[in-house]
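Combine both chains into one complex, guided by the hints.
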Amino acid sequence: MQTSELLNSYHVDANTWDEMYTDLSVREQYQGVVDFMQQMSIDELNRKEELAKKLFMSQGITFTVYSSGEGIEKIFPFDIIPRIITASEWKYIEEGIRQRLKALNLFLKDVYNEQFILKDGIVPTEMVYSCPHFLREIHGLPVPHDIYVHIAGIDLIRNNDGTFYILEDNLRTPSGVSYMLENREITKRIFPDLIPKNNVRTVTEYPNILHRNLVSLSPRQTANPTIVLLTPGIYNSAYFEHTTLARLMGVELVEGRDLVVDNHRVYMKTTSGLQQVDVIYRRVDDEFLDPMVFNPDSMLGVAGIMSAYRKGNVAIVNALGNGVADDKAIYTYVPAMIRYYLNEEPILKNVPTYQLGNVGEREYVFGNMNKMVVKKTNESGGYGMLMGHAASEEEIFRYQVEILKDPRQYIAQPIISLSSAPCYMGGRLKPRRIDLRPYALCGPGGIEIVPGGLTRVALREGSLVVNSSQGGGSKDTWVLAG
Amino acid sequence: MLSRVADSLYWMSRYLERTDGILRMLKINYASSQDDIGEFSWKPVLKTFTYLDEETANGIAHHSRAVLQYMVTDKENSNSVLNIITHARENARSVQDHITKELWQCLNDFYHTIRDEQLVRGIHKDDPVTILDVLIKQGLLYFGIMDITMARGEGYAFINIGKHLERAVQSADIVDVKFSDLNYDFTKTDTTYWKYLLLSISGYELYLKTYRSGFDAKNVIEQIVLNGDFPRSVIYSVDRLHRYFQRLKSERNMDSYRKIDFLIGKTRSKVKYSTVGSIMEQGLHSYLKGIKEDLYEVGNALNLNYFAYT
Chain D
0 MQTSELLNSY HVDANTWDEM YTDLSVREQY QGVVDFMQQM SIDELNRKEE LAKKLFMSQG
60 ITFTVYSSGE GIEKIFPFDI IPRIITASEW KYIEEGIRQR LKALNLFLKD VYNEQFILKD
120 GIVPTEMVYS CPHFLREIHG LPVPHDIYVH IAGIDLIRNN DGTFYILEDN LRTPSGVSYM
180 LENREITKRI FPDLIPKNNV RTVTEYPNIL HRNLVSLSPR QTANPTIVLL TPGIYNSAYF
240 EHTTLARLMG VELVEGRDLV VDNHRVYMKT TSGLQQVDVI YRRVDDEFLD PMVFNPDSML
300 GVAGIMSAYR KGNVAIVNAL GNGVADDKAI YTYVPAMIRY YLNEEPILKN VPTYQLGNVG
360 EREYVFGNMN KMVVKKTNES GGYGMLMGHA ASEEEIFRYQ VEILKDPRQY IAQPIISLSS
420 APCYMGGRLK PRRIDLRPYA LCGPGGIEIV PGGLTRVALR EGSLVVNSSQ GGGSKDTWVL
480 AG
Chain L
0 MLSRVADSLY WMSRYLERTD GILRMLKINY ASSQDDIGEF SWKPVLKTFT YLDEETANGI
60 AHHSRAVLQY MVTDKENSNS VLNIITHARE NARSVQDHIT KELWQCLNDF YHTIRDEQLV
120 RGIHKDDPVT ILDVLIKQGL LYFGIMDITM ARGEGYAFIN IGKHLERAVQ SADIVDVKFS
180 DLNYDFTKTD TTYWKYLLLS ISGYELYLKT YRSGFDAKNV IEQIVLNGDF PRSVIYSVDR
240 LHRYFQRLKS ERNMDSYRKI DFLIGKTRSK VKYSTVGSIM EQGLHSYLKG IKEDLYEVGN
300 ALNLNYFAYT
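So the protein lines, in turn, are chains D and L.
When we follow numbering that gives the first Met the number 0, the leftmost residue of the first sequence carries the number 0, and every step to the right adds one.
When we follow numbering that gives the first Met the number 0, the leftmost residue of the second sequence carries the number 0, and every step to the right adds one.
Isolated chain L, as found in the complex (with noise of 0.2 Å):
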């Protein structure tokens, strides 16, 4: 496969995922804002999917139409989901004869589904949610035409590749920047503030039928960092990304091969053997930005040894 295009696919499939994340942390923190009695703050989430500074981000933090607005369309925020979408699209593009048709066609019409005015108009005015709930399920499309459609060749591994290292990131960054907001204070029990973190990363159910006892910041931990079962879990996405990687061992590329396996697989035990005892011990903010560090330096890794091709 040309480097090009696997680093397009890469890119890509990075780019779906992170429209998944920002598009469910906003529709959930939406239904937040509503619900709330106090002086609801998107800062959070600004903090996480934006490059804002402080000053700024304080200045509409409690404005949610001004928050959707900006993270949906607007043209000068580039991780806006217009941007993003407008990127994975001319990605998919340049790559047309290696996804396929179908695939081609669900991100050619996310674009223009974005892109239409009349659509996003509804962000300012009407019920905000029904707009996401579109957004939402062109993103969910996407996936679907992927898993039933794209052959499983090194296309499909560089896709899985991008989407579980995006994963990863993304919910090393919830986890950290919410407790961040609370100053890392662990004895937080309000039930509504856990329950929306974990509607918005789909993983409220699964919180209910694991822990009988109630919200519990370290349960909390536990289930996004460590529980395999979970698919948002950074160790489960860990282990999905070491395991496509995996499938790109070939005789031809030993030396980078080796190196990045080594990379990835020392990230993977670390997660592995951790306990939310450990985590507390080290300290929850230098654990997850060891784990973040450790995953961009697999993403440069990848950049250096399969895409480079200028």
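Okay, chain D solo, but in the shape it has when bound (with noise of 0.2 Å):
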């Protein structure tokens, strides 16, 4: 039978969690979409592939790369199969960020403030003045209804019993949210009928809750403010999320340029003159925002931005500064700061995190280097990261040389198996692994998490990194209800 040639060459790695299979079974979750896929033959599921493939294509949910002067479209490789969560394991997981945030939000007013954490003695404050993300510009300043975090996109992995992880806190301007939309309309085209029947929950709730949201911090008390995504421009790559964002929600979509400062107030520059701003949801990062008070070359921000938002005239989504908060060393202190404020446990465990900074645990890692994975505190996207057990004895020495040079800004981490899934592999399942990102906004009403988010999956053999950047892929991500 096709079934058993698609699924006999699927060998979960010792020691791992599959999402698909225990020892033996596939998990209850799973069966609707096997028992799917038995009915198939595989040129039928190459087409689906294939299918799959053309309409990422031709709606132009692509990057380009530029080489030789000539742009060439790329689309992020899509796994057809979906990856499944259960109601309960939903729960869980909406329960841990919702208090995760609740805390980092509260953190981020206390250091923006009186600092109280750091008086008390619970965040070393050396730690957060030597953050370079960490903005005093901003110190004092109020933002409406005390939200810093309007958006958030909180990675998780498992290890191998199946516990969720904490493993980045992703404050500033987390993308790949536009992914979770269209990898679910993806697999309404190629699996007809299959999400109704196998009870998924619905993701497009999501640029309702955020336009809602974003209408609330308008500083102008007026029936209709205006509301506009600041974007790079066509050259970002995620300029396709920024434009879906925009239209989804039914917002102008703006670049640095269209926009200008006068006497303290944001404008747009339109066909019948100049528009007053209410609420930006910029895609810009911090230090390209405003030329006049951070990097004076940025040609992607709004000189004077800053002083509109000083004054309270325009609000900014997300808040400046969160960077301190989702910084990867501050994230070693997020379990504590739950206890602080909060008065509870956290829900989600944190990966264990060494501070190379710290001296003993410095000697600790580099004792045990093949065990660990290294990473900068102050990058994403999986570069300037070390994999101790993939790196040769030299590559380790190197990488130690730069620590010393400046150890607050590394962290070290025991490395996480993270929990396979199967994906579609030349007429074959094959096990990969993956994380969760799924994305949470914070509004005046409260935290609401789309029942859904991103899952990113590390395509090659092996391999335990699923950023883009490093060959990673996507799949729909399918929340189950009860």
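For the record, the hints were derived by calculation from the structure and aren't laboratory data.
For each residue, glycine too, the CB sits at the ideal point set by N, CA and C.
There could be a bad hint or two in this list.
[To be verified] Keeping only pairs whose Cα atoms sit at most 20 Å apart, straight-line, the calculated PhoX-like set for lysine-lysine is:
| id | chain 1 | residue 1 | chain 2 | residue 2 |
| --- | --- | --- | --- | --- |
| 1 | L | Lys26 | L | Lys42 |
| 2 | L | Lys248 | D | Lys268 |
| 3 | D | Lys187 | L | Lys100 |
| 4 | L | Lys100 | D | Lys53 |
| 5 | L | Lys269 | L | Lys217 |
| 6 | D | Lys73 | D | Lys47 |
| 7 | D | Lys118 | D | Lys108 |
| 8 | L | Lys100 | D | Lys52 |
| 9 | D | Lys187 | D | Lys47 |
| 10 | L | Lys291 | L | Lys46 |
| 11 | L | Lys194 | L | Lys217 |
| 12 | L | Lys217 | L | Lys271 |
[To be verified] Incomplete in silico selection of chain L near chain D, CB under 7 Å:
| id | residue |
| --- | --- |
| 13 | Ser93 |
| 14 | Asp108 |
| 15 | Gln245 |
| 16 | Ser249 |
| 17 | Asn252 |
Take a look at the structure:
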């Protein structure tokens, strides 16, 4: 039978949690998908895969790689088999993220105002002040509803017993949510009826919730505030996401050159003159936002926008200075923050993390390099990272020399194996490692997490790195209704 | 609407109108080249749609495949269909939130079609008409989707302003170049010559219905410049240009509006109150040159008053 052919080469790596298989059988949540695949021939599945590629291409869900003066369109690899999360797993994740965000938001408010947490010695002061993303410029500045993190993309992984761990809190300009939305649309096309039959919860509410939250931040009391999405422009690799969100929310997509600041107010240049802007959902990093305050060479920002922000004439989402809370060294203290601010035990665990600025921990890490992944605290996207088990002695030595130059900028974590999920590869299902990034939205009404997210997958056999810049792809992510 | 968005919509539309003009011109001229006993020359086409110097143009004017390749897929030719569609798509890409998803996908598909090497290889080898037809159809799809899905707002007005401005210039150009090819000799009555010109702008049937007495240069001029029922005529295009521009009237931008309304109105009257007789009296070339200069001035004024954002 076709199925056995499809499944017989599916060998879960030793000591790894697989999302589809227990030792002997298919997990209940995957049964529907497996049955469905059984009815299809390899040819049909290949055609589905081809169709998915074509749909991405023709909808322009692409990024452009420029070489020799010519743009080449690429799609982010998409695996057709969905990743499935059960209702009870989701409930746990949801509660954990909600708790964590609540604490992180309180931390940001505290660290930019009274700094109780530093005075009480819960988080070391030097840890905060040595973080390059800590912005002295916004100290004491009030933000609407005390919300700093409006949009968070929190990365989760699962170790070999299936326990979820928080890997990273992305609190600045997390990307990828358009793939959560588009991957679902693609699944609807390639697997008709499969989604309703499996009781999959919808993700389409995301833009509506986000839009409602943005409206609530308007400093002007007007029925119809002007909301814009600020993009670095068409050459940005996430440009597709910016246009998608602008379209789905019905807000104006602007570039820095479309905006101008006059008398501490932000305006956009329209065909009928200047129009005041109330809320900016920016996808431009802090340091490029205002050439008068931050990087003076920035062409992406708007000169004077900080003065308007300081006066409270415009709301900026996410707030500036959030980088201090998702710094990889500060990360270690998030469980302590949860206990300090909320007086609760953390629901979701941190991955054990060693501060290389701390001599004892550094020595331990240097003694066990082959079991560690070492990361730079202010880098993301899988850059500047060393996977100890895969590195040569020389690479490790060179990296150690780098670390000793500025140990505060590095952390180390034991290598977590990451759970695996089935991927369709050349007529076979094969296990590949995955992570999960759900998207949380914080508004005056509380924290809402759309049931779904982005599942990133390391497409190379044996690889533990899921970042798209390092050969990762993505999957549609299903959260099942109870 | 953002000035940058209006600018991009306007150019997206001009590029698509230009593409349509070029592709039809190529298709009909190719047919004509297969029908010609003498040496068929692509010179008028090259003069209307490219910036080639006299010598280079003469060099390829008798080589259909070379001309087709240059005008459809040549990367060095800034006015090749490949480059125009690439620009149009870049414009569309940056205003995706102002055009419908269908329209964006159509332009995106057009872009991938023209970049499909297998398809355009036909330009060199197989029957080029098949390829040109595929491309023309992709353009027609764009015009249809535009009409059916786009909201009738400011963006739609700018799109139509671009489209009709481009078309007016194109039609004036085509007439001017065709007659300069004959050294403005209005006695030529060679049926094939006029037939293919009219076919290339979809005006052949209308001509046959309007003029029963065979082909006459003056009638051709009358149809392409002055016939208000002919959608490719100068008067029709300027009329539409004016009509869509007037939709931009708003309290907030009165000065700019009046300035451009005056410019378009003046041009429109100039064309409207002309006859073939008065055009001949002034001299066809000088008349068309005047019209084109007026239209360029409208373009510049739009730039200055509506699109300035940098």
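- Hints the structure violates: just list their numbers, smallest first. 15
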